[in-house]
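The listed protein sequences derive, respectively, from chains L and H. So for the first sequence, my numbering puts the first residue at 468; every next one is plus one. So for the second sequence, my numbering puts the first residue at 2; every next one is plus one.
You may find that some hints are simply not true.
Unchecked claim - Result set (BS3-like, lysine-lysine): computed pairs, CA atoms no more than 27 Å apart in a straight line:
{"#": "1", "chain 1": "H", "residue 1": "39", "chain 2": "H", "residue 2": "18"}
{"#": "2", "chain 1": "L", "residue 1": "524", "chain 2": "L", "residue 2": "538"}
{"#": "3", "chain 1": "H", "residue 1": "45", "chain 2": "L", "residue 2": "538"}
{"#": "4", "chain 1": "L", "residue 1": "538", "chain 2": "L", "residue 2": "468"}
{"#": "5", "chain 1": "H", "residue 1": "18", "chain 2": "H", "residue 2": "45"}
{"#": "6", "chain 1": "L", "residue 1": "484", "chain 2": "L", "residue 2": "524"}
{"#": "7", "chain 1": "H", "residue 1": "45", "chain 2": "L", "residue 2": "468"}
{"#": "8", "chain 1": "L", "residue 1": "468", "chain 2": "H", "residue 2": "39"}
FYI, nobody ran anything at the bench for these hints, they're computed from the structure. Computed from a predicted model, the values in this text were never measured in an experiment.
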Amino acid sequence: KNQVEQSPQSLIILEGKNCTLQCNYTVSPFSNLRWYKQDTGRGPVSLTIMTFSENTKSNGRYTATLDADTKQSSLHITASQLSDSASYICVVSHQTGANNLFFGTGTRLTVIP
Amino acid sequence: DAMVIQNPRYQVTQFGKPVTLSCSQTLNHNVMYWYQQKSSQAPKLLFHYYDKDFNNEADTPDNFQSRRPNTSFCFLDIRSPGLGDAAMYLCATSRSGWNTGELFFGEGSRLTVL
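Based on the provided sequences and hints, a complete structural model is requested.
Here you go:
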C-alpha cells in the first residue's frame with residue numbers, strides 16, 4: 468500500500484534553533500518527493516523537489532535530503548525564524564503520473580521567541 | 002502575478018443549503034484539482050480535470066460535483082452540505098506531461114456548516 472508518514476506530528480522550537488522533519492514513504496515506483504509549507508489558513512506552497520538521483524537540495528535555510536534506498540526524506544531548517552511556523556507536508560509522486568500523489572499528514576512546526 | 006485564486010475565502014452555510022466554490026487560474030495549466038482538507042489532516046483529493054476530462058475519486062461522495070467551463074475556471078458544488086463537510090477546500094493546478102508533481106495551490110475556501 469502506498470503511504471507517506473511524517474514525524475514528528477508537531478514540534479516547538481526556539482527562534483534561531485535548527486530542526487529536522489522526517490518523511491518515510493512506501494510509494495512505489497517512486498517518481499519524486501516534494502516538501503510543501505502550509506501557513507495556517509493558506510494553501511500549501513512548494514519548497515523543494517527531490518528526484519530519485521538527488522540526495523540533497525537546498526532552498527535558502529531549507530535543506531532536503533533523500534535516501535531512495537531506505538525511502539526516507541528529511542527537511543532541515545536552519546536558524547529558524549518566527550515565520551517558519553507552519554505545517555510542512557511531504558508529498559510523494561508515483562511514477563504513473565503527476566496526478567498520482569500521496570500526501571503525508573504534515574508536521575506542525577511552532578517557532579517561539 | 003500568475004496565480005490560483007479561490008472565492009470565497011470563507012463560506013458559511015446552513016445544513017443542506019447548496020454551496021458553490023470557485024477557482025480561477027492564470028497559469029494556463031490544463032490540470033485542475035479539488036482537495037478537501039480537514040483540521041490536522043492531509044489534503045484529500047476529491048476529483049481532478051485533465052483538460053475537459055473529469056476524473057472522480059472512487060470515495061468522493063455524490064454530494065460533491067464539479068464543473069470546468071473553460072481552462073481558467075473550475076467550480077466545486079456541494080449539493081446538500083452536512084456537518085461533516087465543514088473543511089478547507091483547496092484548488093490546485095499542475096502542468097500535464099511534467100511529471101514533477103508540483104501543485105500550485107490557491108489560498109483555500111474555508112466552509113462552515115451550521
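Legend entry - Unmet hints by their number, sorted upward, for this structure: Violated hints: none at all, because every hint is consistent with the structure.
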